[in-house]
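Chains as they are written, first to last, in my numbering: chain X, 1 to 280; chain B, 1 to 280.
Just so you know, the hints here were simulated from the structure itself, not pulled from any lab data. Hints may be right or wrong, so weigh each one.
Pairs involving identical chains hold if they fit within one copy or between any two copies, as the list cannot separate such chains.
Claimed, not checked - Pairs of lysine-lysine residues, derived as PhoX-like cross-links and limited to a Cα-Cα distance of at most 20 angstroms, are as follows: (1) K275 / K40; (2) K120 / K106; (3) K275 / K197; (4) K106 / K159; (5) K159 / K107; (6) K107 / K78; (7) K52 / K63; (8) K159 / K105; (9) K159 / K275; (10) K264 / K105; (11) K105 / K274; (12) K39 / K63.
There are 2 protein chains.
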Amino acid sequence: MMVFINNRFLPIEEAHISPFDRGFLFADGVYESIRTYNKKLFRYPDHLDRLKRSLNETRIEFKEIESIENIIYELMIKNDIEDEALAYLQISRGSAIPRTHSFPKKKISPSTFISVQNLKENTKEQTDGVKVILQEDVRWLRCDIKSTSLLPVVLASQKATEENAAEAILVRDGMITEGTHTNFFAIKNETIYTAPKSRFILEGITRKVVLELCERFKIDCREEFIVKDDLKSFDEFFITSTTKEITPVTSIDYWTINNGEPGKITKSLQAVFKKLAEDY
Amino acid sequence: MMVFINNRFLPIEEAHISPFDRGFLFADGVYESIRTYNKKLFRYPDHLDRLKRSLNETRIEFKEIESIENIIYELMIKNDIEDEALAYLQISRGSAIPRTHSFPKKKISPSTFISVQNLKENTKEQTDGVKVILQEDVRWLRCDIKSTSLLPVVLASQKATEENAAEAILVRDGMITEGTHTNFFAIKNETIYTAPKSRFILEGITRKVVLELCERFKIDCREEFIVKDDLKSFDEFFITSTTKEITPVTSIDYWTINNGEPGKITKSLQAVFKKLAEDY
């Protein structure tokens, strides 16, 4: 596996970061995951805009942002990616001694890490739907920044895995925010609901595409928080992410929805999303 | 500088972690900072207990915990620490490919990083007192775990630095929780107040020592949240941490307390703490 780290392409065995990297010491970094369709990075400008926003909010001064796209394509070649790729890129504030909570006084260069892998398609999950569990949202109050400060996500995600669920859906003060790495949607009376853009959610790129599809196909869609105690009043649910695309939710904790059948509107959205991706 | 990393003592230039270390990707790790008095690690058993608790809560299985103490002393020798030392140790869940939010399916070994440095005493701060600023507490809801998921702490701490303050004191829902890397105390009518043990604060070792001193010297001390809007009704303030020990707070945002003079009870506590440390 070849990766890109701090301006060099290297085999993963030779790719190192310093233990004084602030990404390691403080989670002082941001990241993006991007996939390809037809070997082309999907909605790359959106990912780039979000990355710029994350860098801006964390005040990490990263100058080589325009070079990332080519590096990813280069890594796809170097790693002989045959079908579709999933690219991961992370930028931390850089490495400095001594460890200080505040930004280092002397100017340091950010650390860059980029890797690509063969994308595993979740065809079965997307056809059959998945189980999710509900978990308290204990994350920080700036979930709009795609930062590597992800320990709460790790712990909630592990809980989901142990309960044979595909995702943990997070609940803050009785409101559903999003999944650990997905956005959450619920449908009632042919209207789609999802949590509004705020500091409680990350604005997913697939979420954005779904909202665009709703507008194009005149589906009523409201960015409003879904109340946990009202869940049973909804007809359909789905989650979205770069790798899960649009995945139907067929059970939530011990509640099986519609006898475990993915919902109709969810399936229609999947179909138009699939078309859009195929034509990308 | 010699450090200890994954079972080896190495010069820092040769000490590396993988970019796939979950400490780097997810802040999936915990840490401790420990100082010496008379070249002896201060309250080491308390730090060890807290580390065990952090490992337990994050379910990181670290078996070599009993060896840490000797490694730190060894590093003090290898680094020719002449006076007192500040030791930093971090344990992450380890390194795994591919990146998955849940714990890796195959068993991995935790990564260990330990470094020591000459301790810089903050004599002036402790004599004169410091300015602090108030900042919204946007951290996650498990601040009782000493994890490396510290981006909110970095950003708040940087804000303090830019306002020439020594610390940012965090306020959640109108209540003062703690500083970014200190506990916060306020005194009124000879009674000391500090936030109660809960998931909103880290139980500092120096905080614990202060509570013990209060008990020993029959000073009334209450573990109750201090309300931000009541701050001006208190007479004295101080912050505690391993490196700041007991540091008087002489101004909060634009409010100068007692004409900038450290408080009497604070100074008494400093004196008994100093004696305790000297005799350690």
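The hints, checked one at a time:
1. With identical chains, the CA atoms of K275 and K40 are at most 20 angstroms apart within one copy only, with a shortest distance of 15 angstroms there and 67 angstroms across copies.
2. Taking CA atoms no more than 20 angstroms apart as the test, K120 paired with K106 passes between copies only; the shortest distance there is 18 angstroms, against 42 angstroms inside one copy.
3. Taking the shortest alpha-carbon separations for K275 and K197, neither the intra-copy value of 26 angstroms nor the inter-copy value of 54 angstroms comes in at or below 20 angstroms.
4. In this assembly of identical chains, the alpha carbons of K106 and K159 lie at most 20 angstroms apart only when taken from different copies (17 angstroms versus 41 angstroms within one copy).
5. Within a single copy, K159 and K107 get their C-alpha atoms only as close as 40 angstroms, which misses the 20 angstroms cut-off; across copies the closest is 17 angstroms, which meets it.
6. Taking the shortest alpha-carbon separations for K107 and K78, neither the intra-copy value of 33 angstroms nor the inter-copy value of 29 angstroms comes in at or below 20 angstroms.
7. In the homo-oligomer, the alpha carbons of K52 and K63 lie at most 20 angstroms apart inside one protomer (10 angstroms), although the nearest pairing across protomers, at 41 angstroms, exceeds that limit.
8. Taking identical chains as interchangeable, the C-alpha atoms of K159 and K105 lie at most 20 angstroms apart only when they sit on different chains, with a minimum of 13 angstroms there against 40 angstroms within one chain.
9. When the C-alpha separation of K159 and K275 is checked against a cutoff of 20 angstroms, the pair qualifies neither within a copy, at 34 angstroms, nor between copies, at 47 angstroms.
10. With identical chains, the CA atoms of K264 and K105 are never at most 20 angstroms apart, being 56 angstroms at best within one copy and 35 angstroms at best between copies.
11. Taking the closest pair of Cα atoms, K105 and K274 never come within 20 angstroms of each other, the shortest separation being 49 angstroms inside a single copy and 31 angstroms across copies.
12. Taking CA atoms no more than 20 angstroms apart as the test, K39 paired with K63 passes in neither setting, with 26 angstroms inside one copy and 44 angstroms between copies.
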